[in-house]
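*Asks:* Residue numbers (the UniProt record's numbering), protein chains in the order written: chain A, 1 to 134; chain B, 1 to 287.
No wet-lab data here; the hints were simulated from the structure. Don't take each hint at face value.
[What the hints assert, rightly or not] With a cut-off of at most 30 angstroms between alpha-carbon atoms, the simulated DSSO-like pairs for lysine-lysine come out as follows:
| # | chain 1 | residue 1 | chain 2 | residue 2 |
| --- | --- | --- | --- | --- |
| 1 | A | LYS84 | B | LYS40 |
| 2 | A | LYS84 | B | LYS247 |
| 3 | B | LYS48 | A | LYS74 |
| 4 | A | LYS74 | A | LYS121 |
| 5 | A | LYS74 | B | LYS22 |
| 6 | B | LYS247 | B | LYS40 |
| 7 | B | LYS31 | B | LYS98 |
| 8 | B | LYS98 | B | LYS128 |
| 9 | A | LYS97 | B | LYS150 |
| 10 | B | LYS150 | A | LYS121 |
| 11 | A | LYS57 | B | LYS48 |
| 12 | B | LYS48 | A | LYS121 |
One letter stands for each residue in the lines below.
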Amino acid sequence: MSTLTVSVVTPDGPVLEDAFEMVSCKAESGELGILPGHIPMVAPLTISAVRLKGEGKSDRIAVSGGFLEVRPEKVTILAQSAEKPADIDIDRARMAKERAERRLQDKQADIDFQRAEMALKRAINRLDVYENNF
Amino acid sequence: MASLRDIKGRITSTKKTKQITKAMEMVSASKLNRAEQNAKQFVPYSEKIQEVVASIAQGGGDASHPMLEAREVKKTGYLVITSDRGLAGAFNSSVLRKVYQEILKHHTSAEEYTLITIGRIGRDFFRKRNMPVDMDITGISDQPDFADIKDIAADTIQLYTDERIDQLYIYYNHYVSAITQEVTEKKILPLTDFNTEGKASQSSYEYEPNQEEILEVLLPQYAESLIYGALLDSKASEHAARMTAMKSATDNADDLIGDLTLSYNRARQAAITQEITEIVGGAAALE
């Protein structure tokens with residue numbers, strides 16, 4: 001079975017580089033499944049989980065903002081942050097979630113709703129990725 | 001001539017200072033190592049993002065975005081990266097002097113520019129001179145994460161998007177080697193010059209959903225990554241500069257201790273000679 005090289009890169013360094021058979025992720029325009037031999041493509045990603053499937057292994061990565069570059073035999077994900085389940089700081093994510101929820105609840109005009117909402121999304125995404133794996 | 005006790009006191013205090021500078025030198029050396037590593041880890045990300053941006057910006061043709069187009073300059077933003085602490089030789093002063101001169105050269109009133117500072121020294125410098133500091137961030141750790149500066153980078157880019165500034169320059173110390181750092185000026189926005197080195201030709205991409213929306217996501221991220229890259233570079237320079245400064249301080253302390261020990265011994269000998277003379281004189285008077 002042919003494979004494609006997947007590398008996940010963030011400003012803090014590479015997170016993962018390995019061969020997989022399939023990548024599925026959530027782009028801004030909807031779910032995308034990528035198999036080897038895909039046409040070159042660029043797409044922005046939402047805050048979501050990227051699922052990677054390979055021979056007898058699978059991996060999930062929590063991605064916050066970024067985009068995906070596809071070549072026939074290589075997929076590069078450039079994200080501002082990306083974590084494997086084992087690297088997620090679960091307490092921090094829980095706290096971030098609570099904080100963001102609190103902020104969204106008290107309806108004062110001077111807080112940045114958009115920012116709080118993004119923070120909430122990131123926290124929920126991390127928790128999801130963490131919990132699905134265990 | 002200073003008394004024996006005075007000289008001894010100075011020797012002890014110089015030795016203590018030397019211990020401190022020596023320790024700081026070693027701390028900076030290890031921090032420099034880490035900072036270099038961080039800067040290295042960032043390279044794959046920055047190269048990749050630059051490649052994609054360049055291929056879209058050049059290959060697309062019809063793609064346009066405010067960040068790619070120069071507009072009439074009414075207000076200029078200067079992003080200045082300094083350190084929080086001093087004792088780093090000319091690290092801060094050289095970058096501040098450069099920015100200050102540039103501003104005096106190009107602008108006549110405070111309306112025409114605004115400053116964004118990273119690091120306490122820079123902020124204090126411009127505040128003291130009553131120059132407009134729009135945003136500042138201090139207390140960046142020695143091993144900064146992207147998350148640490150994401151907000152200020154995003155806000156700075158936002159200034160440009162909101163047309164509150166029409167171009168953005170960044171000033172920082174570029175790390176050349178452990179003993180050389182160079183003050184660097186870089187134009188970040190608008191993004192007009194890509195150094196593509198012939199990479200861009202290779203593939204024409206499909207864009208999902210379309211080029212404009214990708215640029216919408218990609219360009220701010222690219223600009224933020226440039227700022228982060230400059231910060232990492234500057235951190236490496238800071239540690240290198242501090243290491244060099246502390247090394248020469250330690251060397252100077254060594255010289256000083258040598259000189260002081262010499263005059264201490266002279267004074268001690270003089271005192272002994274004097275005592276002997278006195279005893280001999282006393283004995284001669286008795287005979």
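*Asks:* Among all the numbered hints in the text so far, which are the ones the structure does not match?
*Replies:* Structure breaks hints 2 and 5.
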